[in-house]
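Protein chains in written order, with this note's numbering: chain Y, 80 to 304; chain S, 1405 to 2039.
A few of these clues could be false.
To give an idea of the chain S side of the interface with chain Y (calculated C-beta under 10 Å), a few residues [what the hints assert, rightly or not]: (1) Ser1472; (2) Glu1474; (3) Phe1488; (4) Glu1521; (5) Tyr1525; (6) Gly1526; (7) Asp1554; (8) Lys1825; (9) Thr1845; (10) Leu1883; (11) Asp1896.
Quick look at which bits of chain Y chain S covers, simulated, 3 or more residues with Cβ under 8 Å [stated by the list, open to error]: (12) 118-125; (13) 132-141; (14) 175-187.
Once the Cα atoms are required to be at most 30 Å apart in a straight line, the calculated DSBU-like pairs of lysine-lysine come out as [as the list claims (entries may be wrong)]: (15) Y:Lys249 / S:Lys1842; (16) S:Lys1459 / Y:Lys189; (17) Y:Lys157 / S:Lys1842; (18) Y:Lys242 / S:Lys1841; (19) S:Lys1459 / S:Lys1475; (20) S:Lys1544 / Y:Lys157; (21) S:Lys1544 / Y:Lys189.
For the record, the hints were derived by calculation from the structure and aren't laboratory data.
We put the CB at the ideal spot given by N, CA and C, even for glycine.
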Amino acid sequence: MGAVVGTLTMGERTKGERRRPSRDKIDDDFELSIVCHRPEGLDKLEAQTNFSKQELQVLYRGFKNECPSGVVNEDTFKQIYAQFFPHGDASTYAHYLFNAFDSAHSGSIKFEGFIMALSTLLRGSVREKLTWTFNLYDINRDGYINKEEMTDIVSAIYDMMGKYTYPALKTDTPKQHVDAFFQKMDKNRDGVVTLDEFILSCQEVNFLYIYTIIIVPPTYSCLLL
Amino acid sequence: MAAGVATWMPFARAAAVGWLPLAQQTMPKPPVDKTSRSDEILFVNVSGLRFQTWKNTLDRYPDTLLGSSEKEFFYNEETQEYFFDRDPEMFRHILNFFRTGKLHYPRHECIQAFEEELAFYGIIPEIIGDCCMEEYRDRKKENQERLAEDTEAENAGDAPLPPDATLRDKLWRAFENPHTSTMALVFYYVTGFFIAVSVIANVVETVPCRPLKGSIKDLPCGEKFSVAFSCLDTACVLIFSCEYLMRLYAAPSRCDFARSVMSVIDVVAILPFYIGLIMPENEEVSGAFVTLRVFRVFRIFKFSRHSQGLRILGCTLQACASELGFLLFSLTMAVIIFATVMFYAEKGTKGTTFSSIPASFWYTIVTMTTLGYGDMVPDSIAGKIFGSICSLSGVLVIALPVPVIVSNFARIYHQNQRADKMRAQQKVRQARIRMAKKGATNAFLQHKEDGGLQGGDSDSTAFCVKNRSAFEHQHHHLLQCLEKTTNHEFTDEVTYSEVCMMDSMGFRTSRSTSLSSQQGSTTTCCSRRAKRRAIRLANSTVSVSRGSVQELDTLHVTKTPVGTQYPQSRSSLNARTGDLKLNCTDYTAAIISIPTPPANSPDESLPNSPAIPGILRNSRSSIYNTQETVKISSL
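Build the full structure now, drawing on both the sequences and the hints.
Shown next as structure tokens:
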């Protein structure tokens, strides 16, 4: 009788019912959760990048603290950026930035990839930096930046500003920005910007504010600024 | 993990001498071991606690942090030791693992802290020794379940609906979480009221009322006021039917909803009425129909939507289903045994009530549950002896499963209490988190308000710079760069709403119209500054026109000390592009350059971040050179 009463008085969300499936799921997660990645040796990384041993040590310590498993995935990236830009929504921009770091599109960034990108950004030549920036804007990696890609990136950047800005953001502000950008960049007026056009334009006019878009997590900032 | 295999390698290699006589080919050359043969003691400094161990000990497990070359990242050249900024107490256990090969789980530690340490040092938890594995797994499961429940409770229904929710979604939400809207709450209480009314009516209609005039027999109220009761019943059934149909419509998955327990209860509650409507007024059938009316009492189970206690009880009983089953089974066994015994013991007695074994079942049950009605009593001595054994064993059998049921109930009850507490604290927690976040965002705005972007005057700027950490400097710098990129500034809610109000009022000074014509794509720091100043002017005039004086006090824009000309007109503000270029290159120089390596910097006193003095110098210089702002005395 008790069992009958028990089943009859069940509410919609009963804890007992859900307990069983969640228990099995926990077992599965338990087995699969341990993923660890170890970077290559310190000497090898020093040879491949423009950082000194000490700088690599500092960088790795910070990286390891944030991501003990040795890899950064996109969610972590988005969380980091959300903390940096609490005013607005940094997730779209973090997504594009993550794709730029994760050139192999594997879904996670290892320390080596991270360091290589940082080395280019901080210690690389101007041309290397501009190439990296071009790859950031070129979302589909086809070698051309078209207006849609640029609009996506610029909208993502404006999203980070949030709602409360002065002057207030209008809906076509990103579009105006993109139009002006293309005005300066697209030399032959074919509607797309190639790498050479990009590099040429950036070097002749002082669009240096584009460089300031590079953003890195806090633990490395002591090294970088 | 090669558990200790590495240490046995020399032994295995030496024992390979035994193969030499049998070998049919020449043996390959041994690998040249360039590393030094002698073992060395390594120093590991964990947050100040110095550990020493042999290098070989750590090399036993080459796929951990300490056993691989990854530890070189943590090597400190000056002190010749490996420094880890982690918990020294936990490190003891980690190091013991390397020494003994067995990983033990310290019971007093938090499970998550332990797991984080293991993840850091690259040790998988599966190798915890058998002595501690049970405890570890139990605590881990408990922790995970608790976290899963907490996140479910957070996500479940309390979050606001997306703005594009359909009527169906809104309706379902109103049904599931009555505390979200007033209408839902009203509906909730109304249905509860009608359930109570219906149940009470069912009860009261059987109470004998005073008989009609001219009759002696007592009449149950149901027959005396049959019209009233039937109206009440019809009304209740109509309301319940409406409710059920609405729930069915709003349910995201109708099949699942139709199969759920609550909907079955709903259907059972209203079905007898409809069956009664359909069935003809037939003599034989109406008997069955009367029986069907019994099911109206199941309306009381509809209360379980309204009462959490009832749901907890139901949960408990379901969780203890196996114990209850055991109880039932053992009782049945005992009943059959004792009934048989009593029947045969009392068979000889004349006029005995124990007429058959099934008849004795009643006696056995009444005795075992210590009820003892006394309608069936054994007479013979044997019957009395067996009767007493029956009652004693009854007490034991029933007492056995009870503690299990009680502990289950306690666990589920406490969980529910925790869930309720969490929900109650959730609002406070969210509010606090929002405050903390606001603090971070406001820090930047406050910094700008304090005039932290002024140049030149070293005393005042040094003061405000001192109070901020290096991280804050860099964060603010980053936010400024974003402002420059997008040509918009961060403001707080107040200013934003003021601006919006101004815009909506259609208030346009001549200044602001000329401003809007300037809004091109090129960023000019100064023109933005001017815009801000102009809007503040506009603000002030608005406030003057409104008659409020306090706003004037907030106008302060500091004058540049470098002696640049006080710009009187709009056009002169645009002529600052020369300064602009300088400012921007400084920014980029600040971001892209790296200060000199620590070895060359004179300030080596800061051990952990030797590059900080260099940074501060750089960022300070860039902040100094930023755009000037212009002072306007309050109007």
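query = Is Lys249 (chain Y) close enough to Lys1842 (chain S), meaning Cα to Cα at most 30 Å?
reply = Between Lys249 (chain Y) and Lys1842 (chain S) the Cα gap is close to 24 Å, so the pair holds against 30 Å.
Satisfaction of the Glu1521 (chain S) interface hint, Cβ to chain Y closer than 10 Å = holds (9 Å)
query = With a cut-off of 8 Å between beta carbons, are at least three residues of the segment 175-187 of chain Y near chain S?
reply = Per the Cβ count (0), the hint is violated.
query = Is the hinted pair Lys1544 (chain S) and Lys189 (chain Y) satisfied, with a Cα-Cα distance of at most 30 Å?
reply = Roughly 28 Å between the alpha carbons, so the hint for Lys1544 (chain S) and Lys189 (chain Y) holds.
request  = Given the hint that Lys1544 (chain S) pairs with Lys157 (chain Y), test it: the Cα-Cα distance must not exceed 30 Å.
outcome  = Distance of about 28 Å is within 30 Å: holds.
Chain Y contact restraint on Asp1896 (chain S) - CB to CB distance below 10 Å = Holds: closest Cβ of chain Y sits about 6 Å from Asp1896 (chain S), inside 10 Å.
key: Cut-off 10 Å, beta-carbon criterion: hint that Ser1472 (chain S) touches chain Y   = holds (6 Å)
Interface restraint verdict for Glu1474 (chain S) against chain Y (beta-carbon cut-off 10 Å) = Result: holds, 5 Å to nearest chain Y Cβ.
Proposed proximity, Lys1475 (chain S) with Lys1459 (chain S) (alpha carbon, max 30 Å) = Cα-Cα ~12 Å, so holds.
ask   = Would the pair Lys242 (chain Y) and Lys1841 (chain S) pass a check requiring their Cα atoms to be no farther apart than 30 Å?
value = holds (15 Å)
task = Three residues minimum, CB to CB under 8 Å: does the segment 118-125 of chain Y make the cut for coverage by chain S? Let me know.
result = holds (count 3)
message = Less than 10 Å between beta-carbons is the criterion; does Lys1825 (chain S) satisfy it with respect to chain Y?
response = Violated, because the Cβ-Cβ distance from Lys1825 (chain S) to chain Y comes to roughly 15 Å (cut-off 10 Å).
Checked against the numbered hints listed earlier, the structure breaks hints 7, 8, 14; every other hint is satisfied.
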